[in-house]
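Start from the sequences, fold in the hints, and give me the full structure.
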Amino acid sequence: MGSEGRGPFTMLEKKLYDLKALYTKMFGIEFESAGDDDLYEDEDGTRWTVSEGHGPLTGLEERLEDLKALYTKKFGIQFDDDQDADLYEDEDGTKWTLSEGRGPLTGLEESLEDLKALYSKKFGMEFDDDQDSGLFEDQDGTK
Numbered sequence: 000m001g002s003e004g005r006g007p008f009t010m011l012e013k014k015l016y017d018l019k020a021l022y023t024k025m026f027g028i029e030f031e032s033a034g035d036d037d038l039y040e041d042e043d044g045t046r047w048t049v050s051e052g053h054g055p056l057t058g059l060e061e062r063l064e065d066l067k068a069l070y071t072k073k074f075g076i077q078f079d080d081d082q083d084a085d086l087y088e089d090e091d092g093t094k095w096t097l098s099e100g101r102g103p104l105t106g107l108e109e110s111l112e113d114l115k116a117l118y119s120k121k122f123g124m125e126f127d128d129d130q131d132s133g134l135f136e137d138q139d140g141t142k
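Everything in the sequence shown is counted per numbering that gives the first Met the number 0, starting at 0 for the first residue and increasing by one.
For the record, the hints were derived by calculation from the structure and aren't laboratory data.
Take every hint as true, because none was put in to throw you off.
List of simulated lysine-lysine pairs, DSSO-like, C-alpha gap at most 30 Å:
#1 Lys24 - Lys14
#2 Lys67 - Lys94
#3 Lys13 - Lys24
#4 Lys94 - Lys73
#5 Lys94 - Lys72
Pair by pair, the computed Cβ-Cβ distance ranges are:
#6 Glu51 - Leu86: 35 to 43 Å
#7 Glu60 - Asp17: 39 to 47 Å
#8 Leu11 - Trp47: 22 to 30 Å
#9 Ser50 - Lys14: 20 to 28 Å
#10 Leu56 - Tyr16: 35 to 43 Å
#11 Ser98 - Lys73: 22 to 30 Å
#12 Trp47 - Lys94: 34 to 42 Å
#13 Glu42 - Thr105: 53 to 61 Å
#14 Glu64 - Thr105: 38 to 46 Å
#15 Gln77 - Leu56: 21 to 29 Å
#16 Arg46 - Thr23: 16 to 24 Å
#17 Lys14 - Asp43: 22 to 30 Å
#18 Leu86 - Thr23: 54 to 62 Å
#19 Leu56 - Asp139: 57 to 65 Å
In this text, all values refer to a predicted model and were calculated from it rather than measured experimentally.
Ideal Cβ positions, reconstructed from N, Cα and C, are used throughout, including at glycine.
Structure representation (structure tokens):
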């Protein structure tokens with residue numbers, strides 16, 4: 000082990016020896032002889048070893064291809080990422096589809112035009128938002 004005696008670091012040296020033995024057992028190489036030849040260095044200067052394994056996302060691309068094939072089989076059309084071509088994109092980059100239909104406000108403009116026509120018929124003058132331009136306006140904007 001190297002050092003003799005019962006100083007305050009005796010237990011630390013034993014733990015270091017045990018840790019090196021565990022490293023050798025776990026990775027199959029001696030701690031001291033771990034060469035830097037197969038290490039990669041990132042932009043921060045940190046050295047690391049690339050290892051490939053089977054994580055939770057392994058096979059995800061193959062599953063995606065299978066799902067695309069099932070989609071094509073079921074719906075008769077090719078699933079394709081270029082389907083976004085007919086989408087509109089706003090200034091934030093959000094893509095959306097324009098759909099026209101019968102919502103709760105459908106026909107509101109037509110109803111407004113009908114009301115304006117009834118107003119004109121009943122009072123003999125056109126309904127116009129500019130008619131109140133001669134009215135006094137108080138501090139909070141009420142006319």
